[in-house]
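Chemist: This is what each chain is made of:
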Amino acid sequence: MFKSFGAVAALVDALLVLEAGSIHALVGENGAGKSTLVKIIGGVHAPDSGEMLIDGEPVDFRSTTASKDAGVAVIYQEPTLFPDLSVAENIFAGRQPYTSYATIDRAEMRRATRELTERLGVRIDPDREARGLSIADQQTVEIAKAISLDARVLIMDEPTAALSGVEVDRLMGIARQLRDEGKGIIFISHRFDEVFALCDTVTVMRDGAFVSTDQTSAVTEDEIIRRMVGRSVGNLFPKQDTVIGEVVLEVQGLTSAGIFHDIDFTVRSGEIVCLAGLVGSGRTEIARAAFGVDGYDSGTVRISGRNVPRRSPAAAMKLGMGFVPEDRRKQGLAMTAGVQANITLAIRDSLSRFGFLSPRVESASAQTWASRLQVKTRSLDTQAVMLSGGNQQKVVLGKWLATKPTLLVVDEPTRGIDVGTKAEVHRLISELAATGVAVLMISSELPEVLGMADRILVVREGRLTAELDRSEATAETVMYAATHASGVTST
Amino acid sequence: MSTPVQEPERAVASVRPSALEALIRAREISLVILIVLLVAGTTSRHHDFLLSSDGWRELLRQPTILILIAVGEAMVIVTRNVDLSVGSVMGLSTYFAGWLFHHVDGIPIIVVVLATIVVGVLLGLVNGVLVAFLDVPALVITLGTLYAYRGIAVLWIGGDFIRPAWLPDAFRTLGVQGVLGVPVLLIVVLLVVALVGWFMTSRRQGRELYAMGSNPDAAVLYGLRTRRLTVLAFASSGGLAALAGIAYLAIYATGDSKVGSGFELQAVAAAVVGGVAIVGGSGTIWGVALGAFFLATISSALPVLGIPSLWQQAVVGALIVIAITLDRVLFLSRARAALAQRSHA
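Chains as they are written, first to last, in this note's numbering: chain A, 1 to 491; chain B, 492 to 836.
Quick caveat, the hints were computed from the structure, so don't treat them as lab data. Every residue, glycine too, gets a C-beta built ideally from N, C-alpha and C. Treat the hints with care, since some could be wrong.
As the list claims (entries may be wrong) - What the simulated footprint calls covered on chain A by chain B, stretch by stretch (three residues with Cβ under 8 Å from a Cβ of chain B suffice, anywhere in the stretch; the number is not a length):
| # | stretch |
| --- | --- |
| 1 | 80-89 |
| 2 | 285-295 |
| 3 | 447-456 |
Claimed, not checked - Per label pair, the in silico range of CB-to-CB distance:
| # | chain 1 | residue 1 | chain 2 | residue 2 | range |
| --- | --- | --- | --- | --- | --- |
| 4 | A | A334 | B | S535 | 30 to 36 Å |
| 5 | B | R819 | A | P309 | 23 to 29 Å |
| 6 | A | P309 | B | P799 | 28 to 34 Å |
| 7 | B | V602 | A | Q331 | 40 to 46 Å |
| 8 | A | R95 | B | L630 | 29 to 35 Å |
| 9 | A | P97 | B | Q668 | 49 to 55 Å |
| 10 | B | V620 | A | T336 | 26 to 32 Å |
| 11 | B | R719 | A | T474 | 51 to 57 Å |
| 12 | B | G669 | A | A102 | 52 to 58 Å |
| 13 | A | D127 | B | V806 | 33 to 39 Å |
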């Protein structure tokens, strides 16, 4: 099966065989294509090629409805609840039971909801609206919904990420029970203990492609991790040697209830520090809080010894901080504005005289950065939306470089960028560090992390679980720390 | 799927509102109180407002137009869309109904009503299909059809207007007649409101309209047929706007190419005042009907009270702002309560 989004192939060659009456684990690094595969099976995306069979019959899901009608239930990673509707209606949306008066049978719906959620170990008032439920309770409602669909194929994309131990046990109990009833279950999880405790078979994916399928009893955890990582990294992303200087960013005891806890770290001038970890582990949230986009409950953030106030990106920028966000289309660029306007966006004040911005000065500045970063664009007036992903990212980088930052945060700098441009972006970041800028990078791509970082901080479920020096970090140690509660801590 | 029932590990309590909050939140109750106060206050200054047969009838039948159009609008807003073309649909429908009476001798009233509703539904279908399949915001599409439908009306009607003599006597008395003092028109409209209200609370598709407006992305992931639902909402809105056109004809027995101008904004206002969230997902049909009744009554009470017409718009505007502010404050307090409860758990 093949699926591409624009220029980037998200799924190259996926192969998955699910047997009735079995639980099948799907594992892989972030970006390995698991969620894309799930969305194709669920009918959200259509594959570009390839085929899907259910009970030997070819199926072609052009919509989520078609997939659902064929007996596939999916619990997606992102919550899909209707906040204004009651818990009971969320579970039964579109298939509420009717009384003999052709009216929705609320009593029956309430009863069934109570039974379902209690089976999952939580008592939730069926009549309360879904808005304001905790993530764990939302997840419980999602699971109840999927179970009640009575589907032949149940896909759970990281269902346990937000659940506590007891709830996980209940869920696993129910999964086994459904398996014994002859259902096929696909279980995606980063928690290997669950994979090995629950699943009969395990498929590993890497870079959008199928790697292997085995009986869980026939493989070891180490073997699985090796296959997930499975490529030689090293000279792919050469970071220049730099002189590492003074501490620039100092984060102490940063805590935001339920998101991250007690985060301590520093970034020095000329150093690239990577926050590694799984999607949703809290990496981006930590960076956003430090930059002042989001608030936090306690802790301090200092740049070059000066306190950064909470919730004020403007103050953070004044102190020399730059932030290249994860989603450049939504957060990094003014998409319909030209390249020039985007590059000079953060320095308009310093370029202008007496409150007026001269086009000549603006275009000279934009010209400098565009050529230094080798942005491929027809003219400086070209709308940002017309550029390729890689060139868009260069424009965002240019915008921040123009502010001459002392600290630059880059979140997933090469997501959705083709390999060639990727190397260029890496070179730029590396050169930047060489000029003495402190860089805090967030990346889900292990090779990138290992190639670029001087130090790697691994985040798992909102806590730092390991700090690894460049020399001692390997794909295995990072993966291990990202998936296990007590990672190996050194330095 | 029977299972050994284990004791739940954890109970998630519901968020119970305080008594005062519950009262304010029951928009229907506060609107009824406001309407009573408004009518009582106006009547004390000017007895004829309520205490004459004309005043009483006017008070009860004149809001029916806005009620119908607002209920249809609410069905659209609930899905996180908006229908700005309802005023134009109403105008076309009014003239179409009058034209049918005039040109088809002895045509039964029910046939005219049904044919006009069909026209309204078709105009609504155009809106719905365009919104659902072009993936363009409803605001833009229906702004376009607002002008387009009005343009058709002007082209077709020109300077002509419906004359009372075109209409059969039976139809004209429909606007005047009453049962035990209650205008027949109001009774019919209340039946329509009850039907729509029942559909929205007790039928799957009605609930799906709410679900879709509450979280459109989730609706797609969950496999709701969102396009079909969008078309359904707009078609209903068109049909109800056509019905409003007929109510207009029954009350005023006339109509030109300008009938219904500006009703789209009144309809949105009535829906919002009646408790429909402009971002979709919540609000009740009865609340909307009361909101429409309230707004229509204000429009007729303010001149009686000697308040200049310029101020009437300001009052309506203030009411909308108050309603939205109230919704937001209640929403935030509820969200805080839910959070506080969670951290205590």
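Chemist: So which of those numbered hints doesn't the model satisfy?
Modeler: Checked against the structure, the hints that fail are numbers 2, 3, 4, 6, 7, 9, 12, while the rest are satisfied.
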